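K.L.:
Each chain, letter by letter, is given below.
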Amino acid sequence: MKILVIEDEPGLRENITTYLNTDGNICESCADLETALVRLTDHQYDCVLLDIGLPDGDGFTVLDHLKVDRKMEAVLIISARNSLDDRLKGLNIGADDYLTKPFHLAELKARLMAVFRRKTLNTNSKLVFNEIVIDVLARSVEVNAESVILTKKEYDMLLYFLANKGRVISKNAIAEHLWRDEMDMQDNFDFIYTHIKNLRRKLMDAGAPDYLRSVYGIGYKFVAP
Amino acid sequence: MKLSAHYTKASLLISVAVLFAGAVIYFFAINYIATNQLDRNLSQALSEAEEYVRTTPAEPQQYDLDQDHAVFLKTDRQAFKRRYFDTVYHNFRENRTEAGRAVEDLIKAGNRRYKVIITVSRESTRSLVEIISLITVVLIAGLLLVLFITNKYILNGLWRPFYSTLREIKTFDVAGKAQFSAKSSKVEEFTELNSAIYEMSARVKAEYSDLKAFTETASHELMTPLAVAITKLDTLIQDETLRPDQLTQITDIYASINKSTRLNQALLLLIKLDNELIRDDESINLKAAVLEKIMQFHELAQSKHLVIVSRLADKEIVASKYLIDILLNNLFSNAIRHNLQFGNIDIDLNANQLVFKNTGSPVNLIAEQIFKRFQKGKDSQGLGLGLTLVKNICRQYRFDINYRFADDNHIVSITFPKIS
Chain D
1 MKILVIEDEP GLRENITTYL NTDGNICESC ADLETALVRL TDHQYDCVLL
51 DIGLPDGDGF TVLDHLKVDR KMEAVLIISA RNSLDDRLKG LNIGADDYLT
101 KPFHLAELKA RLMAVFRRKT LNTNSKLVFN EIVIDVLARS VEVNAESVIL
151 TKKEYDMLLY FLANKGRVIS KNAIAEHLWR DEMDMQDNFD FIYTHIKNLR
201 RKLMDAGAPD YLRSVYGIGY KFVAP
Chain R
226 MKLSAHYTKA SLLISVAVLF AGAVIYFFAI NYIATNQLDR NLSQALSEAE
276 EYVRTTPAEP QQYDLDQDHA VFLKTDRQAF KRRYFDTVYH NFRENRTEAG
326 RAVEDLIKAG NRRYKVIITV SRESTRSLVE IISLITVVLI AGLLLVLFIT
376 NKYILNGLWR PFYSTLREIK TFDVAGKAQF SAKSSKVEEF TELNSAIYEM
426 SARVKAEYSD LKAFTETASH ELMTPLAVAI TKLDTLIQDE TLRPDQLTQI
476 TDIYASINKS TRLNQALLLL IKLDNELIRD DESINLKAAV LEKIMQFHEL
526 AQSKHLVIVS RLADKEIVAS KYLIDILLNN LFSNAIRHNL QFGNIDIDLN
576 ANQLVFKNTG SPVNLIAEQI FKRFQKGKDS QGLGLGLTLV KNICRQYRFD
626 INYRFADDNH IVSITFPKIS
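Listed in order, the protein sequences are those of chains D and R. Residues 1 to 225, numbered by the working numbering, are exactly what the first sequence covers, in order. Residues 226 to 645, numbered by the working numbering, are exactly what the second sequence covers, in order.
Mixed in with the good hints there might be a few duds.
[Stated by the list, open to error] Pairs of lysine-lysine, DSS-like flavour, derived with a Cα cap of 27 Å:
hint	chain 1	residue 1	chain 2	residue 2
1	R	K430	D	K165
2	R	K546	D	K153
3	D	K119	D	K2
4	R	K582	R	K540
5	R	K529	D	K152
6	R	K597	R	K643
7	D	K153	R	K529
8	R	K377	R	K227
9	D	K202	R	K529
10	D	K152	R	K546
11	R	K484	D	K153
12	D	K153	R	K512
13	R	K643	D	K197
14	R	K540	R	K430
15	R	K497	R	K484
16	R	K437	R	K497
17	R	K512	D	K152
18	D	K2	R	K546
19	R	K430	R	K597
20	R	K437	R	K582
21	R	K377	R	K333
[What the hints assert, rightly or not] Not everything, but these chain D residues come out facing chain R in the computed CB check (under 10 Å):
hint	residue
22	H65
23	K67
24	V68
25	A80
26	T100
27	H104
28	E176
29	L212
30	V215
31	G217
Please keep in mind that the hints were generated in silico from the structure rather than gathered at the bench. What you are looking at is a predicted structure, and each value in this text was computed from that prediction instead of being measured. Yeah, the Cβ is synthetic: ideal placement off N, Cα and C, and Gly gets one too.
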């Protein structure tokens, strides 16, 4: 997957680029609107990560540009503003999802994978990882061709882990992903443990190896052997 | 008491006092003038009597003329001081006794000496005084009436601009769009007052909107550094050499950042609510929304072994889905967080009200203060903004919200506006 990150804050840009530059993904980045438009004209990307507030203009210009050129990039907007107007405006003119700052890198990766999957649904509605096969349209999971029934939270968690395999994911990031900001995080850490325990048991019962490793003090890691 | 009433009272009291004093002085003055006049008439009559005595060789007879009544008494006294005095006058024609004025003096005619007393009736003077007094009283009454009416109507009219200014000040809303009208008035003071208030309100509004814009910008600006902090931590925890105790510290940092973020988001939302910027109203079935939330909070409620009992009737409201979501989230998480182990949550929804009732220990918070920003119980882990958000959302949709603690239950009730 080829990704372009358009973000003016250097700290954020570097971390995002480094985090995304794995699993055979190629991640490029730029810091302003002008460079972004040049890059988008010259190259073909699968996904564009777009910060709305850029020093030399409004990020929505990028969306207009992509629309005019009938480009097929999946666009994920990141913005400090969670204003409803911005959200609607972005999604109406061609963005695929919207992520409000601040966010966890794991969340960003999961969302990016999700928008990319949605864009390529026709050719690619199945997510395969070793013996695990996920049908994202039917929201069903098979391990070794055998159906595994997961709850909604377990399913969300599995997708989240697969998008971030090989990475340590903090409990805080998992809690925010599963519950958004509905509740206090501290309340949720116990639930995460329960859900992970159930998910691990269901996968192992179906014959998958133990992918989920607990990282003491911080969270979990989906280990790809 | 209104200013005009104060003024009317004072002016009436002063007028009555002055007029009364005036009337007394007037009365005595007229009396004095009338008596003087009578006395002059009496001296005239006295000279006539002297003339009569001198020209009449015989004993002077008592006579009773038209108005004066003279009595002559022979006397031996050589000198006699002329004296005027009040007396009684007997009117023979009318055959009644009237107040009179008399003069006595000594008349010498050759070697005859008479003491003469001439009496005149004061009746005419008295009626004159009466008529004048009556006119005065009528005038006083008329004057007072006119004063009263003027004060009541004209003064009230004069004060009208003041009351319209007062009304505007009472309805002044620092966050509202309506400007103070600063009407000019015929009365210079009011014009001045209005322009002073206009300037003040404009200044206040400008400062307020500056402050809001500043808060909004500051909150947004804060999001990027928070994002940098989180992504740096996300990168940091990939380091396999970190010890568990270091990772635990990082978890705490995450929690702090999360709290700052949510605080910031809540403040931003409050600003938006204050400005009524969220205007994506749609028809919402509140029953369905509550049922969905019960499902969503099921897990959390179960961890405290809470029993949720709901009696829900269909209720359609027109509101922003986003705001109603926040409203219900806060109500649910409060009902769970401030609950006891094995407690209850009762949710009642009917056409008029949505009531959340949950068991819990009493909080030492006053019902009026519970909706204020950053008011929270000692043990609360929350932000202290949840109920403020709830209240402001209710205010946007004209819902009436109330909190009370009764029978070991926290009760939050939201009353929907009557459909007119």
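K.L.:
Compare the structure with each hint and give your call.
P.N.:
Quick rundown of the hints versus the structure:
1. With a CA separation close to 53 Å, the supplied pair K430 of chain R and K165 of chain D exceeds the 27 Å bound.
2. At most 27 Å may separate the alpha-carbon atoms for a hinted pair to count; K546 of chain R and K153 of chain D meet this at roughly 23 Å.
3. Note on K119 of chain D and K2 of chain D: the hinted pairing holds, with a Cα-Cα distance of about 14 Å set against a maximum of 27 Å.
4. As the CA atoms of K582 of chain R and K540 of chain R are separated by approximately 19 Å, the hinted pair is consistent with the 27 Å bound.
5. Distance hint between K529 of chain R and K152 of chain D is fulfilled; the C-alpha atoms sit about 22 Å from each other, no more than 27 Å.
6. Between the alpha carbons of K597 of chain R and K643 of chain R the distance comes to roughly 26 Å, so the proposed pair stays at or under 27 Å and holds.
7. In summary, the hint linking K153 of chain D to K529 of chain R is supported, as the alpha carbons are separated by about 20 Å, within the 27 Å threshold.
8. Our distance criterion of 27 Å between C-alpha atoms is met by K377 of chain R and K227 of chain R, whose separation comes to about 11 Å.
9. In summary, the hint linking K202 of chain D to K529 of chain R is supported, as the alpha carbons are separated by about 26 Å, within the 27 Å threshold.
10. The straight-line distance between the Cα atoms of K152 of chain D and K546 of chain R is roughly 23 Å, inside the 27 Å bound, and the hint therefore holds.
11. Taking the CA atoms of K484 of chain R and K153 of chain D, the gap is near 23 Å; set against the 27 Å cutoff, the hint holds.
12. Our distance criterion of 27 Å between C-alpha atoms is met by K153 of chain D and K512 of chain R, whose separation comes to about 24 Å.
13. With a C-alpha separation of about 50 Å, the suggested pairing of K643 of chain R with K197 of chain D is violated against the 27 Å cut-off.
14. The suggested pairing of K540 of chain R with K430 of chain R is violated, with an alpha-carbon distance near 38 Å, which exceeds 27 Å.
15. For the suggested pair K497 of chain R and K484 of chain R, the alpha carbons sit about 20 Å apart, so the restraint of at most 27 Å is met.
16. Under the criterion of a C-alpha separation no larger than 27 Å, the hint pairing K437 of chain R with K497 of chain R is consistent with the structure, at around 9 Å.
17. Simply put, K512 of chain R and K152 of chain D have alpha-carbon atoms about 23 Å apart, close enough for the 27 Å limit, and the pair holds.
18. Proximity of K2 of chain D to K546 of chain R is assessed by CA-CA distance (about 36 Å); at most 27 Å being required, the pair is judged violated.
19. A distance of roughly 22 Å separates the Cα atoms of K430 of chain R and K597 of chain R; the hinted pair therefore holds under the 27 Å criterion.
20. A hinted pair counts as satisfied when its Cα atoms are at most 27 Å apart, and K437 of chain R with K582 of chain R does not qualify at roughly 35 Å.
21. This hinted pair does not check out: K377 of chain R and K333 of chain R have alpha carbons roughly 70 Å apart, beyond 27 Å.
22. For H65 of chain D, the interface hint is violated, since its Cβ never comes within 10 Å of a Cβ in chain R; the closest pair sits about 24 Å apart.
23. Taking 10 Å as the C-beta cut-off, the interface hint given for K67 of chain D is violated, the closest approach to chain R being about 24 Å.
24. Taking 10 Å as the C-beta cut-off, the interface hint given for V68 of chain D is violated, the closest approach to chain R being about 28 Å.
25. Using the Cβ-Cβ criterion of 10 Å, the hint placing A80 of chain D at the interface with chain R is satisfied: the shortest such distance is roughly 4 Å.
26. The beta carbon of T100 of chain D comes within 8 Å of a beta carbon in chain R, closer than 10 Å, and the hint placing it at the interface holds.
27. Hint status for H104 of chain D relative to chain R: holds, with the closest Cβ pair at about 6 Å, below 10 Å.
28. The closest approach between the C-beta of E176 of chain D and any C-beta of chain R is roughly 7 Å, which is under the 10 Å cut-off, so the hint is satisfied.
29. Given the 10 Å rule on beta carbons, the hint for L212 of chain D is violated: about 16 Å separates it from the nearest Cβ of chain R.
30. The restraint placing V215 of chain D at the interface with chain R holds, with a minimum CB-CB distance near 7 Å, inside the 10 Å limit.
31. Restraint check, G217 of chain D versus chain R: the minimum CB separation of about 4 Å is within 10 Å; hint holds.
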